[in-house]
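Engineer: Here is how the chains run, residue by residue.
Number of protein chains: 4
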Amino acid sequence: MRKLRMGMIGGGPGAFIGAIHRTAALMDGEIELVCGAFSSDPQKSKQSGEQLNLDPQRVYGSYEEMIQKEKALDENKRMDFVSIVTPNHLHFAPAKLALNNGFHVVLDKPMTFDLKEAKELQKIVEASGKYFCLTHTYTGYPMIKEARQQVKNGRLGEIRKIFVNYPQGWLSNFLEASQNKQASWRTDPSKSGKAGAMGDIGTHAFNLTEYISGLSVTKICADLNIVVKGRKLDDDGAVLLKFNNGASGVLMASQIMAGEENNLTIQVYGEKGGLEWKHADPNSLLLKWPDDPMQTLRAGTGYLSDIAKHNTRTPSGHPEGFIEAFANHYRNFALCVKASIEGKQPKAEWLDFPGIEDGVRGMAFIENVIESGNSEKKWMEFVV
Amino acid sequence: MRKLRMGMIGGGPGAFIGAIHRTAALMDGEIELVCGAFSSDPQKSKQSGEQLNLDPQRVYGSYEEMIQKEKALDENKRMDFVSIVTPNHLHFAPAKLALNNGFHVVLDKPMTFDLKEAKELQKIVEASGKYFCLTHTYTGYPMIKEARQQVKNGRLGEIRKIFVNYPQGWLSNFLEASQNKQASWRTDPSKSGKAGAMGDIGTHAFNLTEYISGLSVTKICADLNIVVKGRKLDDDGAVLLKFNNGASGVLMASQIMAGEENNLTIQVYGEKGGLEWKHADPNSLLLKWPDDPMQTLRAGTGYLSDIAKHNTRTPSGHPEGFIEAFANHYRNFALCVKASIEGKQPKAEWLDFPGIEDGVRGMAFIENVIESGNSEKKWMEFVV
Amino acid sequence: MRKLRMGMIGGGPGAFIGAIHRTAALMDGEIELVCGAFSSDPQKSKQSGEQLNLDPQRVYGSYEEMIQKEKALDENKRMDFVSIVTPNHLHFAPAKLALNNGFHVVLDKPMTFDLKEAKELQKIVEASGKYFCLTHTYTGYPMIKEARQQVKNGRLGEIRKIFVNYPQGWLSNFLEASQNKQASWRTDPSKSGKAGAMGDIGTHAFNLTEYISGLSVTKICADLNIVVKGRKLDDDGAVLLKFNNGASGVLMASQIMAGEENNLTIQVYGEKGGLEWKHADPNSLLLKWPDDPMQTLRAGTGYLSDIAKHNTRTPSGHPEGFIEAFANHYRNFALCVKASIEGKQPKAEWLDFPGIEDGVRGMAFIENVIESGNSEKKWMEFVV
Amino acid sequence: MRKLRMGMIGGGPGAFIGAIHRTAALMDGEIELVCGAFSSDPQKSKQSGEQLNLDPQRVYGSYEEMIQKEKALDENKRMDFVSIVTPNHLHFAPAKLALNNGFHVVLDKPMTFDLKEAKELQKIVEASGKYFCLTHTYTGYPMIKEARQQVKNGRLGEIRKIFVNYPQGWLSNFLEASQNKQASWRTDPSKSGKAGAMGDIGTHAFNLTEYISGLSVTKICADLNIVVKGRKLDDDGAVLLKFNNGASGVLMASQIMAGEENNLTIQVYGEKGGLEWKHADPNSLLLKWPDDPMQTLRAGTGYLSDIAKHNTRTPSGHPEGFIEAFANHYRNFALCVKASIEGKQPKAEWLDFPGIEDGVRGMAFIENVIESGNSEKKWMEFVV
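Protein chains in written order, with this note's numbering: chain A, 1 to 384; chain B, 1 to 384; chain C, 1 to 384; chain D, 1 to 384.
Hints are computed from structural coordinates only; laboratory data are not their basis.
Wrong hints could be hidden among the right ones.
Intra- or inter-copy, both count: the list cannot distinguish identical chains.
As the list claims (entries may be wrong) - Straight-line alpha carbon distances no greater than 30 Å define the calculated DSS-like cross-link-like pairs of lysine-lysine that follow:
{"hint": "1", "residue 1": "Lys96", "residue 2": "Lys272"}
{"hint": "2", "residue 1": "Lys278", "residue 2": "Lys309"}
{"hint": "3", "residue 1": "Lys123", "residue 2": "Lys77"}
{"hint": "4", "residue 1": "Lys119", "residue 2": "Lys232"}
{"hint": "5", "residue 1": "Lys309", "residue 2": "Lys44"}
{"hint": "6", "residue 1": "Lys191", "residue 2": "Lys272"}
{"hint": "7", "residue 1": "Lys347", "residue 2": "Lys181"}
{"hint": "8", "residue 1": "Lys194", "residue 2": "Lys278"}
{"hint": "9", "residue 1": "Lys194", "residue 2": "Lys272"}
{"hint": "10", "residue 1": "Lys219", "residue 2": "Lys242"}
{"hint": "11", "residue 1": "Lys344", "residue 2": "Lys46"}
{"hint": "12", "residue 1": "Lys181", "residue 2": "Lys194"}
{"hint": "13", "residue 1": "Lys229", "residue 2": "Lys272"}
{"hint": "14", "residue 1": "Lys152", "residue 2": "Lys242"}
{"hint": "15", "residue 1": "Lys194", "residue 2": "Lys347"}
{"hint": "16", "residue 1": "Lys347", "residue 2": "Lys232"}
{"hint": "17", "residue 1": "Lys119", "residue 2": "Lys69"}
{"hint": "18", "residue 1": "Lys377", "residue 2": "Lys232"}
From just these sequences and the hints, can you work out the full model?
Structural biologist: Structural data, given as structure tokens:
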């Protein structure tokens with residue numbers, strides 16, 4: 001089948017994540033970028049379009065214009081889906097418009113500005129019958145998929161304890177005072193929403209615990225901090241967790257751990273053994289056993305689960321990284337959309353990308369964690 | 001000066017920690033073992049004494065007998081200090097008796113059965129004028145001493161966040177049902193005290209946070225769990241911490257993290273940078289910087305602080321381990337006792353071993369953490 | 001400028017490296033695949049073309065046909081360059097034909113079947129005035145570029161010792177007896193050339209020593225082995241090296257180190273310090289100092305050289321891998337070709353991809369190492 | 001039984017290795033230091049004796065005096081064995097005298113000044129009927145013993161390839177020009193013998209290959225270098241090896257790898273799998289498998305061989321180090337000597353310490369490697 005045609009909303013000059021989305025979308029040859037509304041400033045949008053060698057006619061001044069005009073194009077030409085990579089407060093409206101006009105959607109996380117929007121979006125997605133992908137990058141890594149399989153297959157026994165830590169240090173100073181675009185909107189409640197670090201990276205950590213364990217968080221107790229003077233949103237926090245099977249957990253997310261890069265780490269322990277994964281060494285998965293030597297499972301090997309293999313491009317010892325994990329979501333999403341265009345059933349392994357349900361729970365995490373952080377009560381029910 | 005003469009209380013057949021104490025005491029040639037009351041069973045005590053080549057006359061059936069008879073010996077022969085390595089409920093009485101009879105004391109942690117005993121012991125120690133060492137092993141590692149120096153010297157700036165994790169997996173099953181001596185007393189409230197994992201290993205973690213940072217815990221919020229059915233004391237827990245400068249922290253201690261050995265890990269972050277130490281690689285200390293490459297400081301090198309150097313025996317690249325860390329406490333204690341015998345002032349670096357103050361705070365940690373674990377209130381003041 | 005148009009020779013069904021080339025070429029949005037002669041079997045070529053969504057008219061039955069017909073196309077449509085990913089014995093002819101017909105060339109390593117072809121190709125490349133890129137992947141890694149800069153800037157002082165080890169284990173058994181396509185041609189002298197492991201991976205290791213150090217090998221002493229019975233080419237070897245400044249080195253390359261994946265490792269030592277890079281952790285570069293702590297330089301950080309930064313897509317802590325290293329060569333090559341099309345000068349940093357000179361020296365390495373392996377003489381001059 | 005009584009020859013003020021020997025000898029409580037001839041300068045010897053709290057009457061001015069006077073003492077008092085820790089040129093004479101006078105001997109490596117002395121010493125040892133231990137530290141590590149067992153049990157299949165690397169950087173400068181005692185004698189041919197780095201550390205590496213593999217080196221090809229100007233002995237080298245089963249190997253030993261500490265590393269590959277051990281992480285042993293996940297075996301666990309367990313003091317996760325490895329040799333030696341005193345048979349596991357055979361082969365290694373280094377011939381037979 002032909003390549004899928006992608007339109008992008010956001011991702012103009014200086015946008016880190018927009019470039020990552022494009023690279024991830026392109027690398028597997030399943031998708032081509034055909035149009036975009038890259039900035040709310042039409043001039044900047046045009047400029048981005050030029051850099052990306054797009055047909056100037058398909059570089060739009062607004063997402064509304066893009067959706068309207070693309071819809072009017074011939075079926076053989078118009079975009080198949082939109083990829084939305086704007087700041088959080090600009091997620092809901094373009095996603096809604098795209099879905100309501102028949103376009104599939106890829107959306108950056110956290111899903112919306114607040115939980116209310118999230119629930120509304122859920123209804124829209126469900127009513128639309130379109131595919132919706134939320135780019136929680138980390139569940140795209142093959143060894144995370146393997147971790148989930150190991151738990152699912154009962155290798156670790158009943159899960160008892162989960163620890164996830166997402167340490168960053170880039171907001172150790174009052175960076176929003178400078179012209180840093182990333183820092184500015186992420187620390188601004190009118191763009192980022194109620195949460196800072198917990199929204200930006202805590203949601204990834206939260207998503208990972210539930211994805212790997214197959215469990216759901218039921219109670220939380222949060223300690224949220226604004227460490228850097230003048231900042232308006234949490235830049236550091238720790239959350240005690242309880243899961244629906246009685247397991248307990250700890251989630252840490254901080255952007256003031258000076259000197260840390262992005263070494264998201266998760267450890268899951270069951271009755272029979274434990275597992276550990278670190279973003280700094282993403283192609284390894286450690287399995288730890290009480291009475292046997294620790295094993296290091298490696299991406300690209302023959303002994304992994306089929307779903308891990310499906311999400312790998314290189315033989316073992318040829319490291320894949322962040323962009324490939326991102327690309328796995330795009331590829332699986334694209335395979336599903338193509339199947340739908342061809343009127344075929346998607347394979348089960350293609351459906352394994354984060355979607356609307358992850359998004360709603362992620363937004364619920366943000367609201368619950370903020371409420372718990374402000375509360376004097378210890379345990380709060382996790383309410384969606 | 002001659003070797004110091006040590007008497008041991010506890011540490012009979014099958015006692016893991018007693019053998020460690022002896023090895024640590026002997027290795028530097030500062031101390032000799034001259035007598036012992038190794039078991040409450042006189043027969044077993046005798047047997048241990050034989051294995052250790054002691055004069056049978058100085059192998060006693062009880063610690064009371066030992067203290068009384070050794071006191072009666074000629075000054076040139078009698079023991080200088082006792083090393084007490086019994087289970088927790090048998091710490092206070094022999095320590096008290098030894099101090100009141102003029103013997104210096106080395107005592108295993110946690111210090112006493114409860115906080116009340118701890119405070120009483122503090123008065124006894126202070127009144128006695130004798131040296132008292134509590135074997136919190138981990139502060140004996142040279143790179144932990146270096147970590148403390150780095151903080152003290154302001155390298156990291158004001159401390160903002162501390163994370164300490166003490167993961168073990170050996171109690172993942174109901175081991176106390178078997179004949180495992182270690183498991184039996186450590187999970188028995190009548191011997192171990194109010195806490196299980198939090199007392200056995202949580203106190204080490206707690207001690208480490210305060211030792212390295214120079215800060216004091218002021219508030220806690222604990223989640224304690226009994227994971228293994230039938231167990232009587234906590235075998236897993238996580239504690240949110242607040243320190244006296246406003247820094248926050250997380251402490252984890254668990255004995256049901258299946259597959260984990262003993263990889264105590266601590267990370268401390270300040271305004272300017274962070275540090276990390278792992279027991280699995282004890283001769284390295286990582287310093288992390290926001291705008292410069294991470295540094296790996298190594299034991300035995302010339303660029304370390306004097307106090308780190310003083311606690312090292314080998315050149316860099318020749319790993320020292322757990323027994324040497326233990327031995328550092330014994331050696332520093334011995335150097336102080338010798339100085340006192342010779343009527344000299346101890347050097348500042350010799351005094352750097354854990355003592356009665358650490359013990360009282362450790363016992364307070366246990367009581368506070370248990371109370372917080374049972375409370376519905378989020379934050380509790382840390383009360384001593 | 002528009003995307004460059006790539007035609008591919010080889011890389012049909014089951015070809016590992018062909019797929020890597022395509023992914024690497026596509027990911028940065030600089031290049032599109034427009035045509036191919038994917039197999040000498042026209043049916044298979046057609047099949048590959050379909051899978052890749054190519055215009056069937058531009059899927060050719062042979063490279064000769066492709067070059068001829070593409071040349072006949074309108075300038076606005078025809079391919080700009082060819083990417084040749086066939087086995088070694090099929091490198092020279094298509095490269096020659098492409099260059100002689102005005103196409104730029106990307107070619108997989110080792111460059112040709114033998115040194116004679118290599119020297120001939122060098123003349124052709126030089127006469128053509130076209131760009132030529134040889135995909136020695138490892139020099140595409142940003143931290144390898146940083147390593148080269150560190151040496152160039154004199155950080156290590158005069159280089160004294162180089163150690164490079166390329167360990168693989170996938171040929172531990174007589175895999176060529178099975179239907180394994182990779183094993184079959186790589187162990188067949190009629191397709192692979194004179195060398196097995198030394199050609200396939202030893203050339204990478206050799207290239208890396210010269211690239212990082214800026215030195216040239218002048219003498220070698222090789223121990224080559226055929227370990228697996230029945231194999232026709234070396235599957236294991238070690239080579240003592242001398243460099244033109246008097247430094248010495250050791251190169252190891254083996255495909256029978258059972259259990260090893262692909263952890264190419266290089267260590268370079270100078271008067272003042274040493275560096276170390278491992279493919280298993282490609283985003284780190286260790287700098288070791290006699291009297292200062294080891295430093296870990298990380299990809300994506302601000303303190304790296306401009307050339308390292310130019311070859312990175314993600315911020316630090318977001319790992320890039322093998323495909324991105326590969327893509328760096330494609331991107332730099334593409335930037336140069338585009339500049340040439342636009343009549344502009346390429347930037348110096350774009351020119352930093354392996355080319356014809358690396359290829360000639362690589363082929364010389366193969367011939368020299370085979371000769372040395374068969375010789376009873378210790379040191380042999382390295383002759384090109 | 002009582003403690004064994006040790007006399008020490010050498011190990012006076014500033015001697016690194018003498019202090020290590022004493023600590024290693026003392027820590028297990030099997031041995032006491034009773035006398036010594038610590039320096040050829042009687043004043044310095046006396047001073048050392050005082051620091052070590054020895055009876056001044058048993059601190060001697062020469063080893064001859066010590067052996068003579070100790071022999072004259074009552075059997076219940078006199079030393080049982082001597083530990084010789086002098087520079088290489090002062091090994092043979094005191095060892096000979098001690099053995100001929102009925103004392104067991106522990107001797108530091110390399111065994112003698114040259115191979116001739118080594119062979120003579122072998123005869124003396126064999127004639128004496130006394131125990132003789134050569135302190136090749138690294139074979140004292142439990143995970144090295146485990147490695148040997150894994151090979152012995154056939155886990156790796158027939159051995160094909162061995163790589164050992166002993167990198168140090170402390171002689172990167174002309175340190176012998178300063179007052180550094182260690183550097184002075186080790187780079188002085190009149191004290192060290194024919195070899196520098198190859199004698200000091202290459203012999204350890206050589207010993208390790210044969211110990212773990214159970215194979216013997218049969219041919220070598222050496223590249224030896226004097227890198228630092230003015231130095232008289234090799235400070236860097238690499239040796240190609242052939243073993244008696246046809247396996248090949250590479251041995252590297254250097255003291256000019258600037259920034260390296262002492263990270264001796266060995267990798268052994270067989271038909272079925274490989275193993276890897278690094279001195280920087282001595283309590284782990286990696287087992288690598290072609291089709292299964294890598295395993296990390298850890299000291300102190302229940303799944304290890306009995307001989308590994310016998311050489312461990314702490315449970316897993318409580319790191320032991322260099323001194324404990326050293327102490328394992330002393331303890332095994334002591335257990336044998338005690339058995340001999342008591343007229344009992346030693347257990348097989350006690351006999352597993354390096355002895356005269358290792359010493360002779362080590363000295364042969366030195367002579368062969370120096371000859372090969374000077375030769376233009378490629379392969380030389382390894383002659384003892």
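Engineer: Return the numbers of the hints above that this structure violates; sort them in rising order.
Structural biologist: The structure conflicts with hints 1, 15, 16, although it agrees with all the remaining ones.
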